[in-house]
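For the sequence shown, the positions run 17 to 289 when my numbering is used.
Note that these hints are calculated values from the structure, not bench results. Ideal placement from N, C-alpha and C gives every residue a C-beta, glycine not left out. Hints may be right or wrong, so weigh each one.
Distance windows between CB atoms, simulated [said to hold, decoys possible]:
{"id": "1", "residue 1": "Leu44", "residue 2": "Val272", "range": "14 to 24 Å"}
{"id": "2", "residue 1": "Pro41", "residue 2": "Tyr79", "range": "14 to 24 Å"}
{"id": "3", "residue 1": "Gly206", "residue 2": "Gly163", "range": "17 to 27 Å"}
{"id": "4", "residue 1": "Ala140", "residue 2": "Ala167", "range": "20 to 30 Å"}
{"id": "5", "residue 1": "Glu176", "residue 2": "Val144", "range": "33 to 43 Å"}
In the EDC-like style, the derived pairs of lysine to aspartate or glutamate whose C-alpha atoms are separated by at most 16 Å in a straight line are [what the hints assert, rightly or not]:
{"id": "6", "residue 1": "Lys139", "residue 2": "Asp108"}
{"id": "7", "residue 1": "Lys147", "residue 2": "Glu176"}
{"id": "8", "residue 1": "Lys207", "residue 2": "Glu151"}
{"id": "9", "residue 1": "Lys147", "residue 2": "Asp203"}
{"id": "10", "residue 1": "Lys207", "residue 2": "Asp182"}
{"id": "11", "residue 1": "Lys207", "residue 2": "Asp108"}
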Amino acid sequence: MAGGIDRRVIFLFMGAAVALPLLFPLHLPVEVSQPARDVYRAIEEIPEGSLVLMDFTYGPSTYPEVNPMAVAFLRHCLRRHLRLICMSLWTDGAFLASAALDQVAEREFHARYGEDYVNLGFKAGNEVVIKSIAESFSVTYPVDNYGRPTATLPIMRGVENLANVDFIISLTAGYPGTNEWVLYAADPLGKPIISGTTAVQVNEMMPYVRSGQVLGLLGGMSGAAEYEALVGRPDRATRFMDAQSVAHLVIVVFIVLGNIAYAAERRRARRRG
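Whenever a hint applies, use it, and build me the whole structure from the sequences.
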């Protein structure tokens, strides 16, 4: 018992508070931060047909935070008819990139593989890979994620290295990540870059945003929900934030009830004394 309430009742309420908003989205208002607005504006300002490199460097443990950003980025970029070169510096990221591309590029936008987008897959080497594609895509990625020669893909024609890329999107959950993209690609080549990171990385990334080296930043699940609101397509991050908000409200209610019960018990004890 906790404050006169059976713990099983509390667990039941918490379970319902989390499950119901996931099953029946509430679409609670989302307050959009300035870094998220900067991300949206940066993509809106890219000319149609531009070539965007998108790095999916995150894994299953950070999937709930970062993957909703990836899906929203894909929707925004394809809606604006931007061409996408996708890759990953983590092994797991290549599989997650394939799943996101299948969902958005294939099923939602019916984009043409090899013309509108390509998935180069994973390449070991961390920041060495970034340095390598700054010199040559074809040497670093002779084949794509599915074993097709990259030289035969229309999207890669005339794309020798990172100098031919117009914009960089870094989705990261650690090392290597946005730091390395700024150090070895964006700054040396003068390429604009935006980032989506886990919540714990936001403080590390904000100096890059303030200095102008990173044009905008999405941080954690809340950042993903903000971007979904800007794109006009509430999805998984919005549902997760609904569930989190309702769960917090239930916790506050039980804290208040617990304190009321405690105060009442003390009052009864003083009267008995």
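* **Indices of hints not satisfied (ascending)** => Of the numbered hints, 3, 5, 11 do not hold.
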